[in-house]
Amino acid sequence: MSILEAINIQKIYKTKMGANQVEALSNINFSVETGEYVAIMGESGSGKTTLLNILAALDTPTSGEIYLDGKSFENIKSKERATFRRNNLGFVFQDFNLLDNFSLEDNILLPLVLAGNHYSQMQEKLLPIASSLGIADLLKKYPYEVSGGQKQRAAVARAIITSPKLLLADEPTGALDSKASAKLLNQFEEINKQGQTILMVTHSVQAAAHASRVLFIKDGMVYHQIYKGNSTKDEMFKKINDALTSLLSGGDDNE
Amino acid sequence: MNKHIYEKMAVTNVKKSGKLYLPYLITIIGSMMFYYILTSIGSNPHIYNVETGKQCFKGASTLCGILQSGSFVAAAFAFIFLLYANSFVFKHQKKQLGLYGVLGMERKHIVRVVSTETLLIFFAGLITSLILGILFDKLMLVFLFKIINQSAYTGFFISIQAVKSTVCLTAAIALFVLLGNLISVFSTKDIDLLKSEKTGEKEPKDRKILALSGILSLAAGYWIALDTQNVASAISNFFPAAILVILATYGLFTAGSIAVLKLLKKNKSYYYTPKHFISVSGMLYRMKQNAAGLATICILSTATIIVISAGASLYANGNYSINQQFPRMVQFASDTKDADDLKEIIDITAKDGNISLQDMVSCSYGTSFYEFDGKELKISETFSFTDFEHTPDTFILTLEEYNRFNHTSETLEKNQILLYTTGSLFEGNTLTYEDVSYQVKAEADKSCLTYITDTSMVLFPKLLIVVPNEEVFNSFVPKKNELAYTNFYLGFNMNLLEEDIEKFGNYISKNLDDASIVYDFALKHVEKGEFFNMYGGLFFVGMILGILFLISTVMIIYYKQISEGYDDRERYLIMQKVGLSKEEIRQSIHSQVMLVFFLPLVTAIIHSCVALPIVSKCLSLALVVNMPTFVLSVVGTCVVFSVVYMVVYKVTSKEYYKIVNE
Chain A
1 MSILEAINIQ KIYKTKMGAN QVEALSNINF SVETGEYVAI MGESGSGKTT LLNILAALDT
61 PTSGEIYLDG KSFENIKSKE RATFRRNNLG FVFQDFNLLD NFSLEDNILL PLVLAGNHYS
121 QMQEKLLPIA SSLGIADLLK KYPYEVSGGQ KQRAAVARAI ITSPKLLLAD EPTGALDSKA
181 SAKLLNQFEE INKQGQTILM VTHSVQAAAH ASRVLFIKDG MVYHQIYKGN STKDEMFKKI
241 NDALTSLLSG GDDNE
Chain B
1 MNKHIYEKMA VTNVKKSGKL YLPYLITIIG SMMFYYILTS IGSNPHIYNV ETGKQCFKGA
61 STLCGILQSG SFVAAAFAFI FLLYANSFVF KHQKKQLGLY GVLGMERKHI VRVVSTETLL
121 IFFAGLITSL ILGILFDKLM LVFLFKIINQ SAYTGFFISI QAVKSTVCLT AAIALFVLLG
181 NLISVFSTKD IDLLKSEKTG EKEPKDRKIL ALSGILSLAA GYWIALDTQN VASAISNFFP
241 AAILVILATY GLFTAGSIAV LKLLKKNKSY YYTPKHFISV SGMLYRMKQN AAGLATICIL
301 STATIIVISA GASLYANGNY SINQQFPRMV QFASDTKDAD DLKEIIDITA KDGNISLQDM
361 VSCSYGTSFY EFDGKELKIS ETFSFTDFEH TPDTFILTLE EYNRFNHTSE TLEKNQILLY
421 TTGSLFEGNT LTYEDVSYQV KAEADKSCLT YITDTSMVLF PKLLIVVPNE EVFNSFVPKK
481 NELAYTNFYL GFNMNLLEED IEKFGNYISK NLDDASIVYD FALKHVEKGE FFNMYGGLFF
541 VGMILGILFL ISTVMIIYYK QISEGYDDRE RYLIMQKVGL SKEEIRQSIH SQVMLVFFLP
601 LVTAIIHSCV ALPIVSKCLS LALVVNMPTF VLSVVGTCVV FSVVYMVVYK VTSKEYYKIV
661 NE
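As given, the protein sequences belong to chains A and B, one line each in that order. Just so we're aligned: 110 in my numbering is position 110 of the first sequence, and the numbers increase by one with no gaps anywhere. Just so we're aligned: 41 in my numbering is position 41 of the second sequence, and the numbers increase by one with no gaps anywhere.
Same shape as in the complex, but just chain B (with noise of 0.2 Å):
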């Protein structure tokens, strides 16, 4: 009959200690369900069967690629962040199994009941994630499809492969908890386990050095993130400052809180005061235990905000992106030479198919690459990518095609140019290059660059010289040189259905193609597909990542409040004693807890809008940013933070006042 006793004991154990095991339980929930969520999607046939290839749009493997990679971050999180979080949670049944042992039990009874409670907690979670996975799969799916403009393929899906591998990493992360909980108990003597967990506090001491080395690395980071000019040190610097900024974080909030509390206690009339006196030395011990945890609460804060805020900047401004990149929706490029064939064999293909063409926009231009320093323009004998602001993405328009372009009437000197450049580089009137100088006319109509190039990516200035004839045009594209060219644009409209658009276009590239002429072909609708299935993908799975380690912060400071509640029992009920009032007592919890609880979320937040310049340059690498959507972003994960947190306060304090009370 006793034969189960001790499992019977574990469940006792377990739903005795809800407080203690339903976070824990939370999160396993919570990462193993967004880990079968991520691996069913990045697996469902139906959106990218890997046996056929077949895909359910275009970039469909992409978007798979981009889940299946997040799955395996998620899979890798759960398993380091679900160890770690047992300890706090093990630190405190250690006490329950010294009285077992106490009470006669052999170790080998203590590793059933640890195993029975270990496997038990596990298996609800699995269950339960594999439950709610299923369940929340095809709503995910269909926000994700809503994310990358698909419309989604109805039905239910279930993946089998999904669950087997979220029983695995569930299986592989049970057993690897349950030999850490093992080797902890056979470690350990019954009479420390009673004892574990009470030890002698020595005061902190004071690292001044360690807090003025944090301020200064502090000032550091933030002056290189606030002066960095332009892209290419953006890109240089974003390394250097993230660096110093986490130093500086881990050193302020370990020595530097403590200095600061040391400090104020030295001031004998503002320490012994009602207010001051429990909360400062209670932020004190605080502080020395809580230090580098809080510390990493707040460098992952600050990492989650800003991927998230990147992310849903980009994917905000994907429209606006694509129309950058892609002015017309039917974009042809080829050599100038070939550019009346190529106008032709589309005019006529138009016509064959009675098709209008609108919004037609053609242009041919030379390019080489160039070095500028301000005055003079020559090109360039040696690759350099480092010095990006005095090697400027350079386009050379005759005059007459100019005039064509713009249909003005513009005229010009022999030694006249018309110039206009984004950078700051280029001073004074006049511009030399092979020992020529050339008086500048007048700005150039920047117009044509939107159609010749991606205005929007700045990490190369750009200049755009109008010459007056031929022959000056052909002594800045040089024919001999090997990196000059010469090429023509042609974009245009179509009032059309997508597919008929692609039908076009593929008809267009076979006669090119007949014609032996060599051309680049772009469909923005295509393009915009694999764009937003990229971004899209990336988006979806930064939000589930972040969403993942919103729960795991949250987690960490739900138990280090709880094991500070019990801690503070003991010492509240002496002060209580001693002649401190409840209320008393309520306030000075009130604001030592959140001081505690809210100093990694607003030094993330303070973080976070001193990054946010340096990382909006380094994103302008890649991509369109627009600075208001980009700070709008990062507001608006902000405030999703802070009210996550304010909710977990609210219970917590709850909780922790409740243990505190008892």
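Chain A extracted, bound-state conformation (with noise of 0.2 Å):
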């Protein structure tokens, strides 16, 4: 069953006066089965943050739907947005977007504070996740006191803590050095074991070859996509590169 479908999106940006259009998405499909690791990969300006941002209803395609679980974003109404966002989606962004003022444990319940969850069933979630990803003995620590990888690692413990029907994750490597990328890939793919949908934007190799399945966008649209199978992560890794080498060389061979 597939839990996010998006069908013929399509984003334009005007300028101000409206004399120039941009288009950043031109048409786009696809959907995410429940339980899916899904990849989203393409160059700067290929449109990825875009799509993004529709997805998690932060922004509005100017054509097309998308329906998560079954539901289409049309008939949300703006006023739901903030509780829909918080009641089915999770986010990790590139630069962790953690509240400089809040211990990682605040930071990692936020969405539930604001869901008005009670504090007791707050910490029977909180303990197993964060001892899962091992920062259990950081809790009370503030962000600007722990490392990069721990501070992703606690975003991605607010992503989940309320068990999203998606989480969704902006280059989550991309501020962090190797070893700690691949500690925190290791986790999203224990995660994702454990039966969470992830859908993750890209530019890393390495980390695209940790997912299910790998969409490459280019000029607003999907292009091509592989699927993992089988194959082992190496292989994958080699199958990713082939395909964005002929992207890059804008071989047409592949429609």
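Don't read these hints as lab results, they were simulated from the structure. There may be inaccurate statements among the hints.
[Claimed, not checked] The list that follows gives simulated cross-link-like pairs (lysine-lysine, DSS-like), each with its CA atoms no further than 27 Å apart:
no. : chain 1 : residue 1 : chain 2 : residue 2
1   : B       : K462      : B       : K446
2   : B       : K275      : A       : K165
3   : A       : K193      : A       : K239
4   : A       : K77       : B       : K446
5   : B       : K268      : A       : K140
6   : B       : K288      : B       : K208
7   : B       : K146      : B       : K54
8   : B       : K582      : A       : K165
9   : B       : K275      : B       : K262
10  : B       : K582      : A       : K71
11  : A       : K140      : B       : K650
12  : B       : K265      : A       : K140
13  : A       : K165      : B       : K205
14  : A       : K14       : A       : K218
15  : B       : K582      : B       : K510
[As the list claims (entries may be wrong)] Computed from the model, here is a short list of chain A residues facing chain B with C-beta under 10 Å:
no. : residue
16  : I7
17  : T83
18  : D106
19  : L114
20  : L138
21  : K239
This structure is a prediction, so every number in the text was calculated from the model and none was measured. Ideal Cβ placement from N, Cα and C applies to all residues, glycine included.
If you follow the hints, you should be able to join the two separate chains into one complex; please do so.
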């Protein structure tokens, strides 16, 4: 069953006077199955971030429709968007986006607090997630006291503590060193194995190689996709590299 | 062609960051305009010509002196404040400058940009303030003359001297500001300039002891202020109480607020709710950064409220005060032995001029410096002015004079007296003087006190004793005592123009001088003029300084809000992504901004109310304080203050919300 469906997504940005139009997304079609781990790759300016913002209900498409668990985004009133995001989506960002005036614990609990959960319930959810991500000892620390990798793990904890239908990750390893990246990607895989659907936007071939499926976007369209199937990570790595090479060389033969 | 590129950049910069520069510009304009007005009126030769010594009215030189001291204070304040406020403005400009550096501009080019920016702002401020100053000068002059009860001269006056000193002051401030900015540019690296806005925030420490001592000193300060019973203790208690409250305000704002917030945070079921989660943690950081500033605003607001309302109430009470001091339009005083001569000369002079004297009142009495412990009265050997309560202003009247004055026919036995006292000291019904015990037959009628002393002066209690005969009188007012003297008061009203009263008064003085009588002489309307010059002038200056101060306070708060807005923008953006709706953000901002904004004001108003009794007692040392008027003027000042605050709050919170939502 597909949890997310994007149908004919188009996004056109207009300049203030309406004189110039920029088409960020021309026609995006894809779906994500429950429990899948999908990576979206593309060059800078290919529309990745625009797509992610639309999928996160932070932005609205010019035309096209998105269904999350069968529910169309169009039917959500703008007032309910925040609640909708909180209840259904989890986010991990490149620059962590932790609040510097909250301890890691409070940062992780933020969505639950906003949802009006009781403190004892929050604690029940917090502890297993924190220990599985290896940050149980750091909960009382503040963001400026911990490393980038630890910050990102706290951000992941915050994203999954609401058990979202979909975890959206925007370049999650972008600001991490290779060791921290590897650790985080393994944790993503672990979370995915536990049944969490993940959609990740990334530049990094290494990151994408962990996914079960990779979509390539070029010029605002889904250009190509690769299934991991039974291949190993190394094989996947090679497949993605090959796909990127042909993408960059601009070959039209794939269509 | 590119010769002026840096200047152009500076102009564009100023235009683009109007949000940042406009309040600063307004402050420059406000302070320089008021400085110009104070200086211009203070040095206006139509009011008081220093060279010729010609005064537009009596006491004009005093008035000009007050205004000039006021302009001095305004200048000093503007100097300090504009330098201080510049640090807020420049902090935000630093990032831009860092970018220039990275783009390859050399320090000397940056210096050109910074100098042009600073000079541009000050130049614009100067020109505008001079124009507004010259325009409003006349208006303020009319207002001032209205306050001091004088008719303003007609005509427009531009004071070259005031323009010169305003230009000099502005130039001096601009120079110092520029110097500070340049030092700041040279002492920081480009990369630090770029980053200067962002530094890690530590959670504030919990300083329980400081918070606790804040509470204690507030309690102590309030207790002293409210417990003060009389004028003497009010004066000695005022400064300790004020200092305690100032310390308490700093302690409570810095440590107390954080202790309370931390306590709230520890209460998990309170803290972890959508409403409190963001507000409590947000306030914790806000208070850490702003507590000292807010405490300062609070203290200065309190001072302003008290000064303005004290000035207003003194001024509003002016006529009452004058009437208390001068119950008659013309008043003479001399030694009792010259009483008959004095009276005769006045009568003759009036008859000669065919002038009728109305409501004539006279009274002779004796007085000395006494000590009184409630039972025994004795002539004081030592001058001790510290124990006000036990050294009453004492007036001795003979029964004969008392009966004449009051048109009564009271009788007294040899050892009987009549007595009236304002203090609560006298108890029982006998008074001992020089080992003789006098029985107090009844309370004396106090109406003669109105003439022979100023009953509104409450520093010393008043004691009126009516003795049965001349012999007892002489024992109470012994001639050999240096401080004992007998006095005669004569006062009357006249149905004449003020000039004619003056003429008449001078005529009598001349006759009295000829008769070589030692006398004192006062004309109510002259004294009234002096009084209104003095207090009207003080009130006027106080009000201008109050307005100046209000502008500055408001501007500090504005800058605080704006800079916080930039800091908070990122935070709210994250929260929005995590699932906070715009409505929730608006609410959270609203409650936090409200708190930061109104905490100093509310505290200042509470402080002022508590200070009311002690301040009124202190003021009553110098002047009549009519409690209802004083309370009313405090309330009025608070209301005006609050209204201005409200308006600025509306504007800033709108700006703040715009920044956060950009």
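Hint check:
1. Note on K462 of chain B and K446 of chain B: the hinted pairing holds, with a Cα-Cα distance of about 10 Å set against a maximum of 27 Å.
2. Annotation: proposed proximity of K275 of chain B to K165 of chain A holds, straight-line Cα distance about 26 Å (limit 27 Å).
3. With a C-alpha separation of about 22 Å, the suggested pair K193 of chain A and K239 of chain A falls inside the 27 Å cut-off, and the hint holds.
4. Distance check on the hinted pair: K77 of chain A and K446 of chain B sit about 81 Å apart at the alpha-carbon level, beyond 27 Å; violated.
5. Proximity of K268 of chain B to K140 of chain A is assessed by CA-CA distance (about 14 Å); at most 27 Å being required, the pair is judged to hold.
6. Distance restraint check for K288 of chain B and K208 of chain B: the Cα-Cα separation of roughly 14 Å lies within the 27 Å cut-off, and the hinted pair is therefore satisfied.
7. A threshold of 27 Å between alpha carbons decides the hint, and for K146 of chain B with K54 of chain B the separation of about 21 Å falls inside it, so the pair holds.
8. Proposed proximity of K582 of chain B and K165 of chain A is supported: the alpha carbons are some 23 Å apart, at most 27 Å.
9. Between K275 of chain B and K262 of chain B the alpha-carbon distance is near 16 Å, which keeps this suggested pair within the 27 Å criterion.
10. Annotation: proposed proximity of K582 of chain B to K71 of chain A holds, straight-line Cα distance about 23 Å (limit 27 Å).
11. Restraint check for K140 of chain A and K650 of chain B: not satisfied, since their Cα atoms lie roughly 38 Å apart, outside the 27 Å limit.
12. For the given pair, K265 of chain B sits about 13 Å from K140 of chain A by alpha-carbon distance, which is consistent with the 27 Å threshold.
13. A distance of roughly 40 Å separates the Cα atoms of K165 of chain A and K205 of chain B; the hinted pair therefore is violated under the 27 Å criterion.
14. Taking the CA atoms of K14 of chain A and K218 of chain A, the gap is about 20 Å. The hint holds against a cut of 27 Å.
15. Our distance criterion of 27 Å between C-alpha atoms is broken by K582 of chain B and K510 of chain B, whose separation comes to about 85 Å.
16. Checking I7 of chain A against chain B: minimum C-beta separation of about 24 Å lies over 10 Å; hint violated.
17. Look at T83 of chain A: its Cβ gets to within about 7 Å of chain B, closer than 10 Å, so that hint holds up.
18. Interface hint status for D106 of chain A: upheld, as the beta-carbon distance to the closest one in chain B is roughly 7 Å, under 10 Å.
19. Proximity of L114 of chain A to chain B holds as hinted, the smallest CB-CB distance being about 5 Å (cut-off 10 Å).
20. Interface hint status for L138 of chain A: violated, as the beta-carbon distance to the closest one in chain B is roughly 15 Å, over 10 Å.
21. Checking K239 of chain A against chain B: minimum C-beta separation of about 32 Å lies over 10 Å; hint violated.
Violated hints for the displayed structure, listed by number in ascending order: 4, 11, 13, 15, 16, 20, 21.
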